[in-house]
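S.K.: One letter stands for each residue in the lines below.
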Amino acid sequence: GAGVSQTPSNKVTEKGKYVELRCDPISGHTALYWYRQSLGQGPEFLIYFQGTGAADDSGLPNDRFFAVRPEGSVSTLKIQRTERGDSAVYLCASSLKGSRMGSYNEQFFGPGTRLTVL
Amino acid sequence: DAKTTQPTSMDCAEGRAANLPCNHSTISGNEYVYWYRQIHSQGPQYIIHGLKNNETNEMASLIITEDRKSSTLILPHATLRDTAVYYCIALSGNTGKLIFGQGTTLQVKP
Chain A
1 GAGVSQTPSN KVTEKGKYVE LRCDPISGHT ALYWYRQSLG QGPEFLIYFQ
51 GTGAADDSGL PNDRFFAVRP EGSVSTLKIQ RTERGDSAVY LCASSLKGSR
101 MGSYNEQFFG PGTRLTVL
Chain B
1001 DAKTTQPTSM DCAEGRAANL PCNHSTISGN EYVYWYRQIH SQGPQYIIHG
1051 LKNNETNEMA SLIITEDRKS STLILPHATL RDTAVYYCIA LSGNTGKLIF
1101 GQGTTLQVKP
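Residue numbers (our numbering), protein chains in the order written: chain A, 1 to 118; chain B, 1001 to 1110.
The shape of chain A in the complex, shown without the other chains (with noise of 0.2 Å):
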C-alpha cells in the first residue's frame, strides 16, 4: 500500500518567504508528527497530531513555525518570515495510533522535504 508522502520533495525559497509543507499520512493513521533534521544530525521533534488537534507542539522552534490537520488526514507544516536557518529536511511520520508510553507505537517516515533558504 501507499506509505506516507510529502511534497515538494524540494524548495528552495528565499529568506523572508512563506512556505508550506505538505505530509499525506498512512490511511487510516491517526497519529502524525513533523521532524526536522539538519545535515549530519539526527531528526528533531516538531510537532505531534492525535486527530485533528496538536497534542504537543513543544518542538516548535518558535512563532513562526505553526501546522494544521484539518480533517484528521493530511497535514501542512507553514513556516513564515523563513530564514537561512529553517534550511533543513522536514520529515513526516505516521503511526497507527497515538501512543500510551511504550506501547507499540511503529512510526512510518515519509522522503522528506529538503527547505533551502537563500
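Possibly wrong hints are sitting among the right ones.
[Said to hold, decoys possible] In silico DSSO-like cross-links for lysine-lysine, where the CA-CA straight-line distance does not exceed 27 Å:
#1 LYS1069/B to LYS1052/B
#2 LYS78/A to LYS11/A
#3 LYS1069/B to LYS1003/B
#4 LYS78/A to LYS15/A
#5 LYS1052/B to LYS97/A
#6 LYS1003/B to LYS97/A
Rather than coming from a laboratory, the hints here were simulated on the basis of the structure. These numbers come from a predicted model, not from an experiment.
Dock chain B against chain A, hints included.
M.R.: Below, chain B alone, put in the same frame as chain A:
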C-alpha cells in the same frame, strides 16, 4: 527523557553479525527502548523495540541487560544494504515522540 549514548561509528564485514551497543542508564522502568535506522537520503525506518525481555523479528534481535541500563541491537548477517545510521531511543512520554540522538553510523564492507 532518558538519554541514550551510542558510538559514533562502526564497521562490519558483509555476512558477519553487526552488534550495535547503546547505553541508557537513566531509563525509567516503563520506558521502552526503540531502534530505528536511516539509510542515506531516506526517512528513518523502525527496526525493533523492547522493554525487559530480549526481542527478535525478521530484521534484528534486541538484547537488553537485566538492569536495563544498556542494550545491543544485533543484525545477524549484515549486508551492504544495512549501511545506515542506527538510532537507539528511549520512548518519551505518552505522545510517542521520538527523541533522536546522533546515532551510530554502521558501514558494512565487502
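S.K.: Each hint needs a verdict: does it hold in this structure or not?
M.R.: To see whether the hints hold, each was checked on the structure:
1. LYS1069/B to LYS1052/B: holds, 10 Å
2. LYS78/A to LYS11/A: holds, 13 Å
3. LYS1069/B to LYS1003/B: This hinted pair holds, its Cα atoms lying about 11 Å apart.
4. LYS78/A to LYS15/A: Roughly 15 Å between the alpha carbons, so the hint for LYS78/A and LYS15/A holds.
5. LYS1052/B to LYS97/A: With a Cα-Cα distance of about 23 Å, the restraint between LYS1052/B and LYS97/A holds, given a limit of 27 Å.
6. LYS1003/B to LYS97/A: Distance of about 25 Å is within 27 Å: holds.
Taken one by one, the earlier hints all hold for this structure without exception.
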